[in-house]
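Based on the provided sequences and hints, a complete structural model is requested.
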Amino acid sequence: MPDSPRDQIHRFIVELAGEELSFGDDDNLVERGLVQSIRLLELVDFVADRFGVEATADDIYRGRFASVSAILRFIAGDPA
Amino acid sequence: MTGLLARIAEADPDALAHEHRARRMTHGELATRSDALAAALARSGQRGAPVVVRGHKQAEMLVGFVAAIKAGRPYVPIDDGLPAARVESILRRCGDGATVLGPDDIATLAVGDARPPASAALRPDETVYIMFTSGSTGEPKGVEISLANLAGFVDWAAAVHPVGRGRRFLNQAPFSFDLSVMDLYLALATGGALVCIDRAMIENPLELRAALATADLEVWVSTPSFAEMCLRDRTFSAARLPRLDTFLFCGETLTPACVRGLHARFPGARVYNLYGPTEATVAVTSVLVDDAMLARWPVLPLGRPRPDTRVFIDDGEIVIEGPSVSPGYRGAPELTARVFAGDPPRRRYRTGDAGHVEDGELFFDGRIDHQIKLFGHRIELDDIAANIAALADVEQAVVLPVVRDGRCEALAAFVVARDGATLDGEALREQLRARLPAYMLPRDVHVLAGLPMTVNGKIDRGQLAARLSAPRVAPAQ
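So the protein lines, in turn, are chains H and S. Residues in the first sequence are numbered consecutively from 0, following numbering that gives the first Met the number 0. Residues in the second sequence are numbered consecutively from 0, following numbering that gives the first Met the number 0.
These are calculated hints, taken from the structure and not from any lab test. Mixed in with the good hints there might be a few duds.
Claimed, not checked - Restraint ranges, calculated between C-beta atoms of paired labels, are given here:
#1 E30(H) to G267(S): 54 to 62 Å
#2 R417(S) to G62(H): 39 to 47 Å
#3 E53(H) to P123(S): 49 to 57 Å
#4 G80(S) to N27(H): 16 to 24 Å
#5 G111(S) to D57(H): 33 to 41 Å
#6 A426(S) to V52(H): 30 to 38 Å
#7 G80(S) to Q7(H): 31 to 39 Å
#8 E30(H) to A437(S): 33 to 41 Å
Claimed, not checked - Computed footprint of chain H on chain S, listed as stretches where at least three residues anywhere in the stretch have a Cβ under 8 Å from a Cβ of chain H:
#9 195 to 208
#10 226 to 238
#11 442 to 450
Stated by the list, open to error - Partner residues aside, some chain H positions facing chain S, computed with beta carbon under 10 Å:
#12 V34
#13 L40
#14 V43
#15 D58
#16 A79
Note that the structure is predicted; figures quoted are calculated from it, not measured. Heads up, the beta-carbon is just placed ideally off N, CA and C, and yes, glycines get one too.
So this is what it looks like as structure tokens:
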């Protein structure tokens, strides 16, 4: 069975960081230093490639990539 | 009208001079508005009294700079991103006679068709700007640059780099960082346009992507760190920026990996490495980094000095002698005497940069004050960082001392992996054993997703150092 979106995003963030990290779905990715602001783009591209959802600059400002949970809501088309 | 102002006035009045988001200003508007503001400045303040220009990237800042030159007054650029304490310290040093202007003040004053008397304009030996840089004591130092210093830099930089006429220049650096002098005056003096990237764009990668996609840049001026950040965006390429053919880098070490990345994304583009301290007006050496250069040198050279400038090594330190060397630090004669000597055009400045010459090429070996003593050994931190960066899968590395009670007790390295690679701190230490003596091995190797950057777009060593002194959280076992 393929991984859930949550697991895929989780694994991609660990790959981005280049080291084993432990973090919760609601942890703020940038503020906690899990994803540096400049690498957020790679996460955004990953989500676009894998789940077919394109983000805009406004989505970043509105915190839609702030945490794994926020990204999952964004993919699902739920309001922020 | 002579020199730099004359060059700026040659521009086609209808040509674009400045673009920031939806706002645009032509060369004609810049000329008229700066005339009107200069008339007001020449009336209201004393000759030589600084004009402090505050803001972030607005067209009004350019109006303020050019107006100050026309009014016979030096300007002091202060970017909104500077911390309040630093701004206060800068304002204190500017003195009571200073005029402080924000973008709104300038918009209000720069109207009408008044002109300053032509005789008011700055003379070559007068100070055109005062650029504040961080001092080792924590108090900023105000570097005074004369109009002759600036005009000589612009003449040289426009002559030796293929900047053309009427082209679009990237402005990444805030105007309070002297790297911006390169794009600002190269654009103005060649009838070109300054295309500004602002802080909000740099902080939001999608906004930066959108801004670059429509920027239609032709000449790129930035720190290498900023270009490395852009290279992380897979859409940053000639497909989006088809006319971008010239890259000018200054302000930090340019790595071969960065140049190779740019060559791959922008085939045929020319990448230049420039070197110089604020105290010698932006840059005094330049080199075209081509394939032959990349094949030959694992660490890139800084290039050859300007024809009118001598750059030499004295006791391991890079010394610059020539017409671009600053008169000194404002209000600090002792500090000035410590590092400056002689009279223009043969004034000399001791850079504090370590360097050496090999086969006629000048090389940067790190800041002399990045040399530390650890257990009696003299250690060059940037040397260790270069060795780490040469290891497989390492993109970037910075080495800092771990200081306790004012003494260096160990070394710490911060490393970033190449795209798609995973790094292990202990494994890196093992690989380093083959390259470095034991006393140069970092005790701690921190693997980060990216290095923090300062408001100027350089690697933020201060923030990294703060991590080292912050209380440690016990790592998970």
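Query raised in the report: Count the residues of the stretch 226 to 238 of chain S with a beta-carbon closer than 8 Å to any beta-carbon of chain H: does the count reach three?
Result: holds (count 4)
Query - Hint validity - D58(H) Cβ closer than 10 Å to any chain S Cβ - result: At about 7 Å, which falls below the 10 Å cut-off, the nearest Cβ of chain S leaves the hint on D58(H) intact, so it holds.
Query raised in the report: Does V43(H) meet its interface restraint, that is, does its C-beta lie within less than 10 Å of any C-beta in chain S?
Result: Since chain S brings a Cβ to about 6 Å from V43(H), closer than 10 Å, the hint holds.
Query raised in the report: Falls inside 49 to 57 Å, the C-beta gap from E53(H) to P123(S)?
Result: holds, 54 Å
Query - Hint check: 10 Å Cβ-Cβ cutoff, L40(H) to chain S - result: With Cβ-Cβ at 4 Å, under 10 Å, it holds.
Query - chain S contact restraint on A79(H) - CB to CB distance below 10 Å - result: violated, 15 Å
Query raised in the report: G111(S) and D57(H), beta-carbon distance inside 33 to 41 Å?
Result: holds, 40 Å
Query - Hint status (Cβ of V34(H) to nearest Cβ of chain S, threshold 10 Å) - result: holds, 6 Å
Query - Verdict for E30(H), A437(S) (Cβ pair) under range 33 to 41 Å - result: holds, 38 Å
Query raised in the report: Could one say that the CB atoms of G80(S) and Q7(H) fall in the range 31 to 39 Å?
Result: holds, 37 Å
**Report entry** Whether the CB-CB distance between G80(S) and N27(H) falls inside 16 to 24 Å
**Finding:** holds, 22 Å
Query raised in the report: Measuring from beta carbon to beta carbon, are R417(S) and G62(H) in 39 to 47 Å?
Result: 30 Å Cβ-Cβ, so the 39 to 47 Å window is violated.
The structure fails to meet hints 1, 2, 16 from the earlier list, while all remaining hints are met.
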